[in-house]
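Please build the complex by placing chain B on the supplied structure of chain A, with the hints as guidance.
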Amino acid sequence: MVKRTENPRRDLFPGALEIMILQTLKRQPLHGYALAQRIKRTSNDVLQIEEGSLYPALQRLLRAELVKVKWAVSSTNRRIRVYSLTPSGGKHLQTRVSSFERMLTGIQSVLALEES
Amino acid sequence: MTRLKQFFSRKRLYTDMDDEIAFHLEQRVEELVAEGMPREKAEAKARKDFGNVAAVKQTAREAWGWKWFEDLFVDLRFGIRMLNKNRVLTMAAVLTLALGIGANTAIFTLLYGLVLRSLPASNPGQLVRLGIASTAQPDDQDGSQMTFHMYQTFREEQTSFRELSAWDASEVQLRDKQGLIQRHDAAMVTGNAFGLMGLQPYRGRLIEPFDDVPGGPSTGWPVVLSYGFWKGYYAGAEDIIGKKITATDVPVTIVGVAPPGFQGVWPGMQVKMYFPLHFEPLAAKMPDLMEEKGENLLGVSVIGRLKPDVNLARANSELTQLQTGLLDRYIPPRLKQIPYFAKAYLVASSARTGLPNYLTHTYAKPLYLMQGLVGIVLLLCCVNIGGLMLSRVAARHQEFAVRTAVGASTTRLVVQYLTESFVIALIGSALGAFAAWYGSDQLLRFFRDPMMGEAISVHPDKTIFWITLAFAVVTTLFCGTLPAWRAARTDPGTLLKSRSPMGEKKNTTGKLLVPIQVGLSLVLVVMASFLSLSLVKLRGERAGFDLDHVTIQTTPFHLLNVKGETKLDLYQRMVDRLMQMPGIDSAAATSQTPMTGVKLVADFQAVAEGSTPPEDTQMAFNDVGPGYFRTMKTRILAGREFEPKDRQLNVCILNESAAEFFFPHQQAIGRYIRNKVNDDFREQVACQVVGLAEDAKFYDVRQGPPRTIYLPLSKERIDTALGNLVFLIHSQTKPQAISAFRQALSEIAPTIPLVLFVTLREQMDAALGSQELITLLANFFGVVALLLSALGLYGLLSVSVTQRRGEIGVRMALGATPAKVLRMILSEALGLLGWGVLLGAFGVFFTMRFVTAMLHDVSAYDPRLLAGVLATLLFVTILAAVVPAIRAAKLDPSETLRSE
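Protein chains in written order, with this note's numbering: chain A, 1 to 116; chain B, 1 to 900.
The following block holds chain A by itself, in its conformation from the complex:
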């Protein structure tokens, strides 16, 4: 039987991958492969995400119109799709990041309590 895997090996909490994608794209538009490498590198290989899981996430963002896509030509002269942030994507990122930070602070203070 084919297992239907909604989020292949998603160790992260829901939405984390999307935030990372949006944050990365905020700095510059990138094609899929470059995006995967950039996320991997900047997270210092700490986050073990499957590269493939990037693509369903990108489709979700496309559908929600948080990113848009344009055709371009790569250095190897190949047609590639370059993703960039839409204005609503930027807004979405802001709200998500701030709520994300609030959550992190919350978790950290709980953890600090545990230690003392």
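Quick caveat, the hints were computed from the structure, so don't treat them as lab data. Don't be surprised by glycine CBs; every beta carbon is placed ideally from N, CA and C. Watch out, some of these pointers could steer you wrong.
[Claimed, not checked] Straight-line Cα separation of at most 30 Å, DSS-like style, residue types lysine-lysine; simulated pairs:
(1) A:K68 with B:K645
(2) A:K91 with B:K57
(3) A:K40 with B:K45
(4) B:K57 with A:K68
[Claimed, not checked] Covered stretches of chain B, going by a simulated chain A footprint (3 or more residues, C-beta under 8 Å):
(5) 221-228
(6) 378-388
Same frame as chain A, now just chain B:
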């Protein structure tokens, strides 16, 4: 990009993404190779890092949320392919369904149009009709009419209604372009009637309160056209507003067109024009009509709109409080002795669907019955298709087993199966709807108002489309679920191992379906036979007159405004002229024609020497002119019939039953009859019996000839009681009668319009119309039902014989003779029949009471009929079983056993 655009370009989206993923992998491999990894290893590592490519693609596609839709497409394509592979089965299923759904849609179109559709008013649930009803006549509880004065008073006193309005069905005459005068249905309404409904004009304006004043508004009488009449009669002319026309010799101005879809408040009737209520005396040429309406208990129909916070119960309780005063005040004292009025009360009921009328009265019950009938047929069709599909499941077990084994989920299989059923149902309903569209027009011809020229109007609309679709969905669920459930329960292990197409399971579900089919057919066949027998009896009954060669015409001579002897002379002149025409055997005028369903009775007594008159002296009566009996071909057994000189109530003719009743075993001719003067018959009669006529039916073909007294057309009654008389014309053909009448009328009264010509047979058929139609349908579907269950049984037994080849082979090898095998299969069939009959008996028991009202002279449990039906079923069963049984008996045991 919109979602819709995205959907249609999703192929592009998907390939772009596939392309992108391919690029990703390539890029990664190149990088790894550049780092010094061997290409093969690099490719493997790239894939490993990436994850399951297929799963990623699938998940990414699902992100767009179209999966269910794509699955549906796949299912549809697959379903159509599977159905295409089994063309015979598909055709059978589609045609069966087309029949079932077509019949249901057609009948429902009528039922909806005539009984269920709401008036196209705003918030129709608040509309209420009010009128007089009586506990003395519990069958007739319409209560939508009252006197105009009662309406006016109640409107002032009540608090439950936001507003009340009065309606009256009437007619006007228009002269068409050829100069012929034609009658058109019209509604006379109070000025607030349209406002109360919340209707908006399509053009111009509707009737307003300032229009409805005695004498008409200062700008002249207005008329509002119905949308259909404007489109048809005036070809939708844009400059219609302000046009002056002449309606029944009165100049009126067209002020507006009513909204499309609104055809008045009487379902089935097509009102052409709307006038203010106070216009009616002019339209009817009866100057005193408003005073008459003020006292006539059927003067106006009343429609009100409840206040938002008032419900029907509260309105009724207010009505109960006010009714004593109203009834006291407005029912004339002389009527109060009559039981109907002594027990009269006022009642309010919903007018959501409009006002009850002749058509709804006559056809509502038959239509419900027919809907039930075709409902059973649809059920039967579903069961049958269910059976067919089930046999397909049996054949496709292998396929389902394989699909389950490779991971198809149960839901997917069920959905797949339901999709297949849906394809069948959709095609079936499309065909059925197509048939119904044309069929309902044909059916409508059975629904006639004998007094109305035009066929009633019922138009299919959007609701009907949705209903058809609903039928399709229900059918799908009905015939798809069972096979789907069976298919989904398939255990792949046992099935893949087993070589037999059915596994080791027995076809128990199929065995359940056959008795249901038999039972349903039994119900239909029993119903059909009873109805047919009843109709045959009805038609075969001797009426006592010539139904086929008498054409009737009720000329509106009241328009000439002649009275008394002049009026009698006018009718006599017409009759005399008609008699001179070629092709006319005889003609006469009469007050009543037979077979209208109108029951006129009054109290008559013999002026007897010594003997006390029998207690029940109620008797049917008719005022008939000279030549009536000759024209109707009712024999005069003794004495004479009326002559032109008989214009007083001093002579009369009795029929046999009446003569026997008044003067048992005595000569009736020359004796005297008198009457009790009351509201049924207000003139004093003291008449000598001058003739004895044979018995003839009178108001209804379903009932035997009543005791009847015939009176001459008399000076005493011609102005007060008789109204317009009916011409009876006896000729070989109807066209002869029509042309003769046209000629005579153009000579004697050229300004008078013609009304519809009908023969007595047509009039009676109209009265029997629904019965005829139901019988026709019941018979047709009875045969279909038999055919369907025979097919079902045949299919089941065929599969069963194939399945049991091994078993039968063993039996025969052990000494069972072919005859014994034959008996075995036949007895299996008879067993199923037995269960079916048992089920059917229950069905018959529950359904017959709906039909008994329509039966004439046939007992609902006539043993001979039931035996006949059972014999038919037995015959069909054996016919269906005999082929598979012979096939089983002819099996060669050695060959069968070898092949196992």
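Check your understanding: Which of the numbered hints are not met once you compare them with the structure shown?
Key -> Hints 1, 5, 6 contradicted; others consistent.
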